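Novice: Chain by chain, the residues:
2 protein chains.
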Amino acid sequence: MGKACRVAVAGLGTVGAATVRLLQQQASLIEARAGRAIEVVAVSARRRNLERDCDLATAEWYDDPTVMARDAACDVVVELIGGSDGVAKAMVEAALGAGRHVVSANKALLAHHGAALATQAEAAGLALGYEAAVAGGIPIIKTLREGMAANAVNRVYGILNGTCNFILSNMRETGRDFEVVLAEAQALGYAEADPSFDVDGVDAAHKLSLLASLAFGSAVAFDQVYCEGIRGVTAFDIASADELGYRIKLLGVATRSDQGIEQRVHPAMVRKTAPIAAVEGVLNAVVAEGDFVGSIMAEGPGAGGDATASAVVADVIDIARGNLLPAFAVPASDLVAAKILPMDKHWGSFYVRLTVLDRPGVIADIAAALRDQAISVESLLQHGRANGKTAPVSVVITTHETTEAAMRRALAEIALSEAVVEPPMVIRIEGL
Amino acid sequence: MGKACRVAVAGLGTVGAATVRLLQQQASLIEARAGRAIEVVAVSARRRNLERDCDLATAEWYDDPTVMARDAACDVVVELIGGSDGVAKAMVEAALGAGRHVVSANKALLAHHGAALATQAEAAGLALGYEAAVAGGIPIIKTLREGMAANAVNRVYGILNGTCNFILSNMRETGRDFEVVLAEAQALGYAEADPSFDVDGVDAAHKLSLLASLAFGSAVAFDQVYCEGIRGVTAFDIASADELGYRIKLLGVATRSDQGIEQRVHPAMVRKTAPIAAVEGVLNAVVAEGDFVGSIMAEGPGAGGDATASAVVADVIDIARGNLLPAFAVPASDLVAAKILPMDKHWGSFYVRLTVLDRPGVIADIAAALRDQAISVESLLQHGRANGKTAPVSVVITTHETTEAAMRRALAEIALSEAVVEPPMVIRIEGL
Chain H
1 MGKACRVAVA
11 GLGTVGAATV
21 RLLQQQASLI
31 EARAGRAIEV
41 VAVSARRRNL
51 ERDCDLATAE
61 WYDDPTVMAR
71 DAACDVVVEL
81 IGGSDGVAKA
91 MVEAALGAGR
101 HVVSANKALL
111 AHHGAALATQ
121 AEAAGLALGY
131 EAAVAGGIPI
141 IKTLREGMAA
151 NAVNRVYGIL
161 NGTCNFILSN
171 MRETGRDFEV
181 VLAEAQALGY
191 AEADPSFDVD
201 GVDAAHKLSL
211 LASLAFGSAV
221 AFDQVYCEGI
231 RGVTAFDIAS
241 ADELGYRIKL
251 LGVATRSDQG
261 IEQRVHPAMV
271 RKTAPIAAVE
281 GVLNAVVAEG
291 DFVGSIMAEG
301 PGAGGDATAS
311 AVVADVIDIA
321 RGNLLPAFAV
331 PASDLVAAKI
341 LPMDKHWGSF
351 YVRLTVLDRP
361 GVIADIAAAL
371 RDQAISVESL
381 LQHGRANGKT
391 APVSVVITTH
401 ETTEAAMRRA
411 LAEIALSEAV
421 VEPPMVIRIE
431 GL
Chain R
1 MGKACRVAVA
11 GLGTVGAATV
21 RLLQQQASLI
31 EARAGRAIEV
41 VAVSARRRNL
51 ERDCDLATAE
61 WYDDPTVMAR
71 DAACDVVVEL
81 IGGSDGVAKA
91 MVEAALGAGR
101 HVVSANKALL
111 AHHGAALATQ
121 AEAAGLALGY
131 EAAVAGGIPI
141 IKTLREGMAA
151 NAVNRVYGIL
161 NGTCNFILSN
171 MRETGRDFEV
181 VLAEAQALGY
191 AEADPSFDVD
201 GVDAAHKLSL
211 LASLAFGSAV
221 AFDQVYCEGI
231 RGVTAFDIAS
241 ADELGYRIKL
251 LGVATRSDQG
261 IEQRVHPAMV
271 RKTAPIAAVE
281 GVLNAVVAEG
291 DFVGSIMAEG
301 PGAGGDATAS
311 AVVADVIDIA
321 RGNLLPAFAV
331 PASDLVAAKI
341 LPMDKHWGSF
351 YVRLTVLDRP
361 GVIADIAAAL
371 RDQAISVESL
381 LQHGRANGKT
391 APVSVVITTH
401 ETTEAAMRRA
411 LAEIALSEAV
421 VEPPMVIRIE
431 GL
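Sequence order for the protein chains is H and R.
My numbering puts the first residue of the first sequence at 1, with every later residue one more than the last.
My numbering puts the first residue of the second sequence at 1, with every later residue one more than the last.
Note that these hints are calculated values from the structure, not bench results.
Being a predicted model, the structure only gives us computed values, none of them experimental.
From the three backbone atoms N, C-alpha and C, an ideal C-beta is built for every residue, glycine too.
There could be a bad hint or two in this list.
Claimed, not checked - Residues from chain H shown here face chain R by an in silico Cβ test under 7 Å; the list is partial:
#1 32
#2 143
#3 147
#4 149
#5 150
#6 278
#7 296
#8 297
#9 298
#10 306
#11 310
#12 314
#13 329
Chain H extracted, bound-state conformation (with noise of 0.2 Å):
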């Protein structure tokens, strides 16, 4: 056995508590697996005085954990405060400045500064683990930086947010509105009270900009993910996916091609014959297309303090190991500023859901706006029939692959005409 791996944790709310337990209740399992035992020596957050499901008696406190990172007698430090720039920026830059590892869980960081920070942990020899960052305790950033480390990755995807996916399969379930479910979601503690990082699609798309990075051996492009979340979509919508063969699901997509690289959150529709159809709940999924192995799909749990302190521990017995990948799979130096596609170029098909009112020479022109963008229309369904002429009806309208461009320029167009009492809503149609 060698010396033991010293380990400082800065944050200590759900997940820090999480990883400290963790470490002390599995450390004879650990340190056979490891080859050395993994200790806590430090530890800091905000509050000194809270209770905490975990034992710091044997833990150094420190009120400042840019301190505790530069200070601490310690060879790794796990940043799990959260937010982009910051405390947990600084103190992640001052633990590579004073030459320990860092892991973290902190997608928000990852996605914003990821490149700059692997370019610090490399010329240090330091390893930068962000596996807690993206989806939870699925090990998916070894399985695509090892796992499939022998395949160019074209096509990577998932249910990369839990509190979505609960909410989407909660609608389906039960058949009620998006706000209903919300609200339920919160009080049973699966969404937060302002939801907007999770429900608009940003924290999917954090972990979106890091898998295709790593996949695609590009540069972290966060600003670049085209992302729209899952308000719009109603339990109209669900039934009618229902009824034509499909799922919702909030999916982030990367893809690469000869013409550069999409990456992409927004609320998608998959046959329910795809995998990744049947991931319900709270669960997270990734599927990644490897050249020669094919489609692998990892599913588990996307969130909670103890299948998120799985993933960090399983960075930190890494890093025990001695075994030290550069943080996206390639050295930073050699990760290429990859052409972003923009969503006008997206190639797809794609469900619109119109409010009109229900009087002659509407459909119509909808269908005269597809045709003069050269769109060819799969199906095209008028739903119930409105009681007084004024009263709206909705018209649900399915399309063969067309441009981004052109289903905007439609859609525009059919905005215009003033039966059309609601502005459309999209929702593209994946080919899983």
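Following the hints, put chain R in place on chain H, whose structure we already have.
Specialist: Leaving out everything else, chain R in the frame of chain H:
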């Protein structure tokens, strides 16, 4: 960049040729990820003059793989010959004896001699990689050994044989019987001319014994895997399962408790809503339950040249990177000879199909036999009604949880009745 990592490949069938082709085709990508080039320097196969889908021009040819393992100037020997003993075993031992790392896709070899080979490898400071031996292209060995390293795993189970899963999926979709679908699978190349290894569960048992060892830190105990194949599953059973809310899958299940380790391969009924129930066709999937992370499922291609080569090369890349871990997660000397529970001790629910003569008193006798073993019946249903008094009918029983021993005693009693005209068919119901 370090010195090139030199690889010798023994066995140039589908997987062997794909491995050589992969290493050539992805050479620059692999070099970037491994930090050094990986080159095929030697090959061996039974027949030299076959058309193969790879370039062997720069590799030294050996007629004898054992000679190659010993004499070729290489760092890693890849064994793709197959078979639990004979040439495969001799050449792996020779390779380790000569100081070469070994990567093998040979589940039979590992299931029979894994612990001994791991001991030999570790004593020499060498790696023994076998990612490709379990679930083909799915990186489940890495997931268990590294991704879930922070967890005590107390259950691991999966669909470990694509041939059986194809047959069962197809039987369900088409309503046809086993023999018909098997013949079709053979015609499609999904089943061997002699399908015994697959359909009798032996292949799945090999893989399960490796998963159990890795998950539980116990010595591989293939000879103590309870093993039952799918030959007895009928179209009627599959339709009954569907009615009851289940799918029938050939599962390998390993569990650990205070009593000991249970290892079993058999057709099982799993709830349609369980993630593994959605795994269809030739796909494989493995679920591992960690005490911190919860359930992780990995799904993907369990066979095929390219997919398996992906796993083989992932192991080679790990070795080239210097990521040398004990084969079964902990040093071979630490693997415990765990108590393996006999199948009699299995505790679970059962589906029983009886073929009986349709006459008064038969059901009462069956019910009495179950009562005498304190087995609680959940449902008992006679299917159809015989036309004549001598034509048999099917009776389907589902039970609450009981022991396998009690169920066997009850079935022995039931089989004594002259009204029971065929041996009972038992399918265990899995609480997943």
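Novice: Each hint needs a verdict: does it hold in this structure or not?
Specialist: Evaluation of the provided hints:
{"no.": "1", "hint": "32", "in the structure": "5 Å, holds"}
{"no.": "2", "hint": "143", "in the structure": "5 Å, holds"}
{"no.": "3", "hint": "147", "in the structure": "3 Å, holds"}
{"no.": "4", "hint": "149", "in the structure": "5 Å, holds"}
{"no.": "5", "hint": "150", "in the structure": "4 Å, holds"}
{"no.": "6", "hint": "278", "in the structure": "4 Å, holds"}
{"no.": "7", "hint": "296", "in the structure": "4 Å, holds"}
{"no.": "8", "hint": "297", "in the structure": "4 Å, holds"}
{"no.": "9", "hint": "298", "in the structure": "5 Å, holds"}
{"no.": "10", "hint": "306", "in the structure": "4 Å, holds"}
{"no.": "11", "hint": "310", "in the structure": "4 Å, holds"}
{"no.": "12", "hint": "314", "in the structure": "5 Å, holds"}
{"no.": "13", "hint": "329", "in the structure": "5 Å, holds"}
Of the numbered hints stated above, none is contradicted by the structure.
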